[in-house]
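Enquirer: Fit chain to chain and form the complex, with the hints in mind.
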Amino acid sequence: MITGLFMALVGGFLAYVFRYNLAFPGESIPLFGQLSAGQYNQFITNHGLIMVFWVGMPLLVGAFGNFLIPIMIGADDMAFPKLNMLSYWFFLTSAIVLMISFFVPGGAFAGGWTMYPPLSVNGYTDPSPSFLSAIFYGSSLMIIAVALEFTAILMGGINYLVTTINKRAPGMTPFRIPLAVWYIDIATVIFMFSVGPLVAGAFMLLFDITLGSGFYDPARGGDPVLFQHLFWFFGHPEVYVLLLPTLGVLGEIIPVFSRKPLFGYKPLIVLSLISAVLSVVVWAHHQFIAGIDPRMATFFSVATILISIPFSGIFLSLMATLWGGKIKITVPMSWALGMIGLFLVGGFTGLFLGSNAFDIYAHDTYFIVAHFHYTLFPSVFFGFFAAFYYWFPKFTGKELNKALGYIHFWLTFIFFNGVFFVLFFNGLGGQHRRIYNYEMFSNVAIEPYITFEKIATISAICLILSQVIFLWNFIVSWAAGRKAEKNPWQANTLEWVADSPPPHGNFHTAPKVYRGAYEYSVPKASEDFLPQNLQAD
Amino acid sequence: MENQKSLSLPSIKIPQGRLGIWTLIVGEFMIFGGLIGCYILYRLRYPEWADQAAHTSTLIGALNTIVLLTSSFTVVKAHEAANRKDLKKITLWLSVSILGGFLFLINKSIEYSTEISHGFTFSSPALQADGDTIGSLFWSFYFLLTGLHGAHVIVGMILMLWALLQARKGKNLHRVELSGMYWHMVDLIWIFLFPLLYLAK
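Line by line, the protein sequences give chains V and W. Mapping of the first sequence onto this note's numbering: position 503 corresponds to residue 503, and the numbering continues sequentially without gaps. Here this note's numbering = 1-based position in the second sequence + 537.
Covered by chain W, according to a simulated footprint, are these stretches of chain V (three or more residues, beta-carbon under 8 Å): (1) 148-160; (2) 183-196; (3) 201-208; (4) 211-221.
Worth flagging that the hints you see were computed from the coordinates, not collected in a lab. Every residue gets a Cβ at the ideal spot worked out from N, C-alpha and C, and that includes glycine.
Chain W extracted, bound-state conformation (with noise of 0.2 Å):
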């Protein structure tokens, strides 16, 4: 009796690189968690935020939410295609994900250089000069989880690149899955980045 119990394959059934990914998405959400976190516990402490929140563009935010939701859906389609063995339509959809990427950066570029040229940087000596230290941790705050989070959106694309790239060689198909899903966690993140940095006003 025991016998027939234990020679069953124990494995679950979840393939190994998807398994790898999942706890990767894991501990970068611990990291991310830990950012956000801080920056709502100061976030509480400090309401007079709302004034620097009001300097962030909401229009390009939502720019980006979009840009990066859709580009979160092609990965998807790129997944099927995937299933299907379909590598033009594979080629195709990752395409646009990663174009989506680039449009996201562009639009992060410009959001930057204006906020940048109004005296918000990293440090903010311009707001430090005035005397409001606090309101330059906010800019603190902002450039370091928009930062960290736009590093994670470049890291996404070269993943997408190298997943097409063989893909389009119909080799490790599989690999369009495990970037998309890659994808995915860079679009989440951000969904918790956008009301938080720029909707609380």
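So here's chain V without its partners, still in its complex pose (with noise of 0.2 Å):
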């Protein structure tokens, strides 16, 4: 029974997220009827709350930790069942509070998903209110649903923890540990350590907005850029807390396409440890032009460029694993290597950025824009979807259609580089984001950057079009599709031992390990990998 709960859990987590992929990304481009500005504010906020909180996190440190954590590290499930099932209730009534706020009067929080004060504490004073609305519902919703959403994830945080601390099988010491496991879990441990000063900030932001405080608010001796360091303390990790999982699945589906052993196993966790304190020191390169002071400036931009050290590392560690390898491109191996492409073109870009010169110039343009969604878009979507082509079988039992995911994963990258590398260039152009209608903007307004737009436009379209063939592909898949081998990939970690999909308690014999997870191609052996539960002769 609990493993149903856990596989509805698991379900309704990716069920959700669907969803909202699906009704979302179509609200922010004037699709539909006539968009207000004030309807335009509310929808580029929610879209980047609900993108980053409400996709982000539950997609791939959610769903895919809650079902690889226990069965990679061979555990019959999660040390705590219960508070997992709490977890995910909190989950689903933070999105649905959230969801509400687009209804009270004067409609959802429109003041850019990063809550700044003021304009999440008095609302905006412009004499048509329709403009950004009367904020004040919409906001205290808002808040409400995101310190929902974070206890939530502080609840399957613990969990995770506990259950990688504790429930091991026998002999699976932490160096044998898969990767996706050990960034799951530092993922995690990041969160848990950032998300304290935020919550705390929150409460200051609701207490302002309808205790009448005034913490943020410099007319009563508060600071408005306090809230932007309590909230960049928590919104830069939560980057990394996107990123590592993506790596970590990566660092599972590489080597197994590669048939070798992932390249620096220990380094890679080392340098994930270190990025892990790295990020929390960068916080405030996202306010170079909140007036800080310059000398904090520049150590900031320092400890920024530093942090891409340790990454490169996994990068080239990644990478290098592909080399000399016997690669079989898949459909979970495109995902990953175009996962590497696009994610390395945002990075370069973050370096740029990361120097306080360059972003005083580029902040808030689109160049910004489209750096923050090729690093994001790769780390949430391609991590996703090269994870979930790769255990679908084992979630499942189905296989998947191959073509479909092939054109899925074609189409995907096309569009996506269709829409935001043109914004590059209307960011260095100077176009601003957030902005309702250039037209009243004429020195941006000209050519290539009208056109540039349209591109954007069209693209983003076909882009969510596009994700139908995945829809369509799930569940066909599902419903109808072929029944998948217990081990189509052949791959060594323990989640490929159990049946697809894994009954109650994951294992029918409790494993034990005899070795680390990445041993492929060990000379000698009679096939190409060695599972970690197999034992030596």
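Expert: What follows is the structure, given as structure tokens:
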């Protein structure tokens, strides 16, 4: 029954997320009827919030964490199954609360996903209130939704850490744990350490709105920049919370399809720990234009560029895993390679933005938008799809349609680039983000930027439409797909020992672990992979 | 060789519940840490907050510190009793600890009502009317920090009551220790709040 609940949980998470994916990106484009400026602001705000907190977090950390951690370490279930359930219901509630905020008087919060005061506190004192709506209900509900979501993820996080520490199978020593589990856990630790101050900040924000305190009101001795610090103290590590699970997934997929051991398994863990430490000292690079002390800005510039070193290391290790391997291009492998390629673009532009001199020019332009979509889209969606295509046979016991998988990959890859590559130029050309209508700004409403806007919008529509292929593939394969083998990819990790889909308790007999997760193409072995539970001769 | 090593059970020998509470405590400390950090930064920026802090009651604060420390001690006694499976003693010591929580809340309510009757509230409109907006910010922090802490006191009492009710039936004795750990955390946070809000004048 617990497995039933557990699968319902995963399924629920995923179903949720798909619904958002479908309903959601369409909203930020003026596709349906007349989109007012107020609605435009509400939609971009909630696009950001939903994609980061209600899609990114539950996709990889929530759903795959819950499924993969116990099965990859050879446990029968999570350490606290009830807590897991509770965490899911909190998550569901938070999503409902956020949806409700669209229907309250004044509409949803519309001051940008970063919730900066004073917009989040006072509303907008424009004479035409429809422009940014009377924010009171919307922003309070938004804060409550975010707080509930954090609570849900914290509960999940407690569960992950305790499960990994305590419920490993005999022989699963720390350095035999698959990289995906390591990275999901490190992401959880980063989350738990960084989210506290933002919870504190959210309390202050909520009381500023509802009880009339003045924590962020400069007229009353408060300081709005304080909120920015609290927000980004969480907000930047959050980027790595989204990125690390994906890198972990890549760490599983790439060795399997290169038939080679993962290059530098221990260094990869050390590098991710270094990046975890550095991730909490880079936050103020989001605030270079907020009037912070230039000496401080220099420090954060340096820290930001430093953090690219461990991540370069991680990516180089993943690529070195490919080198000399017997590479098999499969659907999950294409997503994994696509993720590496696209993230490099995001990472390199991040280096430019990390130096505060350039950032002051590019801040809040479409250059930033393109940059963080090039980092977040590959980490959330390419990572998710890679993981999805890789583990779907295990989830459901059915095979996905390969041809549709490739079509989905290529369409997504092409149209994603179509949306965001051109936006780099728009940003450098000086187009600011969060602008309802560029025709009001004649100096940037010129060619080629107008055409680029059109390319981006058309690509975005195609990008969304190509996800229909994925949904079709998902539903049809689940309902009427061919039965999958137990270990279709010939991988080593423990989840492939279990039946597909895994029964209650995951394994028939508790597995024992005799070796690390990445022993591929071992000389003298009869096959080119050695499952972790196989006793040596 | 590799095989012999490999079959040893790798788990760290910390019971699951305790490990869970430890991670929870880390999370809670980050929340309070964030708030206290903000408070300290503002405090350094506004030395005039000392005048506001002078309106807090050191006496009640000190009393509450003693109450909380004592109840932390009795929780330890309850844990000890749980180790001996002495159900009567568990009931006794946990009841005393919960009573400590009540005393704390009673003191707190006396304190709050005095302060509120003097016009110091969450947003202190009286102070703002006098033009002392910076002073009113102190009271926002004061009520936020102590209020959030008070909410944790109530949660801690509920947890102890739950552990108590189960322990009386001889079930889940380990929960005595777990609720006690939570209670120690509540105590520890107060140890930070008391000097910062009451003593630094």
